[in-house]
Amino acid sequence: MLDPGQIDLAAMRARHPGHFGGARRDRSVVYVFGGAFGLLLLGMAYLGFFDLKTLSGVGKLWDVFVLMVPPEVESWAMFRLYLSGLIETIAIALLGTLVAAVLAVPLGLLAARNVTTSRMLTFLTRRSLDTIRSVDILIWALIWIGVVGLGPFAGVLAFATSDIGSFGKLFSEAIEAADRKPVEGITSAGGGRVLGVRFGLLPEVFPVLASQILYFFESNVRFASILGVVGAGGIGLQLSEAIRVLELKQASFIILMILVTVAVIDFVSTKLRFALIGKRGQGSH
Amino acid sequence: MISPIAQLPEVQVRPLIAAYAAQVRARRLHTLLMFAVMLVAVGLSCIVAEVSPSLFFAKIGNFTGYIGRLFHLDSGALVITDPVEWYWGFPRWARLLGETIVMAYVGTALGAIGAFFLAFLAAANVTQSRWLSFAVRRFCEFCRTVPGLVFALMFVIAFGLGPMAGVLAIAIHSLGALGKLFAEVVENIDSKPVEGVQATGAPWHVSMRFGALPQVMSNFVSYTLLRFEINVRESAVLGFVGAGGIGMDLFEAIRKFYYSDVSAILVMIIVTVAVIDIFTGKIRHRLIGLVEGH
Numbered sequence: 001m002l003d004p005g006q007i008d009l010a011a012m013r014a015r016h017p018g019h020f021g022g023a024r025r026d027r028s029v030v031y032v033f034g035g036a037f038g039l040l041l042l043g044m045a046y047l048g049f050f051d052l053k054t055l056s057g058v059g060k061l062w063d064v065f066v067l068m069v070p071p072e073v074e075s076w077a078m079f080r081l082y083l084s085g086l087i088e089t090i091a092i093a094l095l096g097t098l099v100a101a102v103l104a105v106p107l108g109l110l111a112a113r114n115v116t117t118s119r120m121l122t123f124l125t126r127r128s129l130d131t132i133r134s135v136d137i138l139i140w141a142l143i144w145i146g147v148v149g150l151g152p153f154a155g156v157l158a159f160a161t162s163d164i165g166s167f168g169k170l171f172s173e174a175i176e177a178a179d180r181k182p183v184e185g186i187t188s189a190g191g192g193r194v195l196g197v198r199f200g201l202l203p204e205v206f207p208v209l210a211s212q213i214l215y216f217f218e219s220n221v222r223f224a225s226i227l228g229v230v231g232a233g234g235i236g237l238q239l240s241e242a243i244r245v246l247e248l249k250q251a252s253f254i255i256l257m258i259l260v261t262v263a264v265i266d267f268v269s270t271k272l273r274f275a276l277i278g279k280r281g282q283g284s285h
Numbered sequence: 286m287i288s289p290i291a292q293l294p295e296v297q298v299r300p301l302i303a304a305y306a307a308q309v310r311a312r313r314l315h316t317l318l319m320f321a322v323m324l325v326a327v328g329l330s331c332i333v334a335e336v337s338p339s340l341f342f343a344k345i346g347n348f349t350g351y352i353g354r355l356f357h358l359d360s361g362a363l364v365i366t367d368p369v370e371w372y373w374g375f376p377r378w379a380r381l382l383g384e385t386i387v388m389a390y391v392g393t394a395l396g397a398i399g400a401f402f403l404a405f406l407a408a409a410n411v412t413q414s415r416w417l418s419f420a421v422r423r424f425c426e427f428c429r430t431v432p433g434l435v436f437a438l439m440f441v442i443a444f445g446l447g448p449m450a451g452v453l454a455i456a457i458h459s460l461g462a463l464g465k466l467f468a469e470v471v472e473n474i475d476s477k478p479v480e481g482v483q484a485t486g487a488p489w490h491v492s493m494r495f496g497a498l499p500q501v502m503s504n505f506v507s508y509t510l511l512r513f514e515i516n517v518r519e520s521a522v523l524g525f526v527g528a529g530g531i532g533m534d535l536f537e538a539i540r541k542f543y544y545s546d547v548s549a550i551l552v553m554i555i556v557t558v559a560v561i562d563i564f565t566g567k568i569r570h571r572l573i574g575l576v577e578g579h
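These protein sequence lines are chains A and B, in that order.
For the first sequence, the positions run 1 to 285 when the numbering used here is used.
For the second sequence, the positions run 286 to 579 when the numbering used here is used.
One thing to keep in mind: the hints can contain errors.
To be verified - Listing some non-contacts, in silico: residues in chain A with all C-beta distances to chain B over 12 Å:
no., residue
1, 124
2, 189
3, 192
Stated by the list, open to error - Partial selection, computed: residues in chain A whose CB lies under 10 Å from chain B:
no., residue
4, 36
5, 47
6, 57
7, 58
8, 59
9, 143
10, 145
11, 146
12, 225
13, 230
14, 262
Honestly, the hints are just simulated from the structure, not real lab data.
Please read these numbers as outputs of a predicted model, since none were measured by experiment.
Where a beta carbon is used, it is the ideal one built from N, C-alpha and C, also for glycine.
Construct the complete structure from the given sequences, taking the supplied hints into account.
Set out below in structure tokens:
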């Protein structure tokens, strides 16, 4: 073993300057994180985190929590009401996702650079899809409520419009990433353009698209459970009512019901997705 | 011309063709069955969700009319012609939008800090106890499955109307989402540096600090920035339930049919979100380049 005293530190330092005090990059990292943390504290002060009122709110938070347990349901009729709200939620998510997926196919083709030759057209389609995407689902729901009135139909339309933006983008990416060789193979074997799309492009693109649609369905069920807060149908109506009148035990029961439903749907749709895309998709999840 | 492909005798070909036909038939049946199940589900959903095409086509004019009115002032002129009138409430909206961004920032940062510590407890390869890992995972799942708006509704009861409730809702939702992503990042690290540090006799937290942290930091930051983008969008609507930010004014404008105000606020939100997306996207690409450059 080397005795530290034997090492000529000055010579070592001269030979390997990088290993001594060379933490300049580390120091910049410290500055960045320190700055971010300082901003965090400033932001918290701006939002009133350090006020006395907030501290009393923490105590009230505990009261709210105590009021929530145990979850219970008032009567069998209420349970049936919640159950129908839940089914409505799933129906809204399913229909909204499907309508958006169907409408997004032509838009996805328009936005794909290898299908649409006009740069201007792809650019405009992409920007419109971006704009649609950056408007939140709740805002769409409010707009559609103004058009077709309160109820689940407004929720369906809200999902249909808001998901077109996401689907259009994903579809165009899937189409752009598709391998052209199967299509060329079919063309070289004497198949026409339609056959090329049917047997060359579709088998490659369809599983990817279908799995994306399923994935969106999963997450849309979660979002659909809050649409009722603004009056667009589903379990959110009962949930927000229960919270507003401080029936918190009922509220936690509804939340539990949502959690179980989401877990079941996640399980089924994950199985379906793996069946569709095989082991390939497992890595990306 | 004689075909160069050798033909099998009829006796051998027939069972092969039959097997092929049976397989094709089975697949077709499978596809048809899936299609039928889908149709039934859609039909039932249409009934449950009160879908009514006649109502839709009767009222679709309202939608295009609505979009049209968004771009007209009360006087009937296009909004572009009089930006001062269109953005009459700009100072107030800018302040609220600023509050929205601060809410998203604080919520994301708090969630990321929590997720940072939870990730090392939850990751299966470095965890100290299976049960702890299981519990942390379920906790994260709970936090991200309950919608942020529901948390916001609860917190409004405790903290009253204001940004505090929104920030906490965002923080909890981010904690759940980032906790899962961070844990997956930690599970994918190279275990050799960790083992190397452990071999020197270092305790667990030291081996995480010098063995695991350098490997995961850039991914953590990248995911956090991505979450920040999402949270800016989310915090813009938290005001719908009174949890602070620009959402309160937007909600009021939509409810009271102040068309030009709705479009003014929406344009502000869309531009802000786009700018933040571009900005964080640049940083993320820089980070990825930094990692690959090593």
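(message) Check the structure against each numbered hint from earlier and tell me which ones fail, lowest number first.
(response) none
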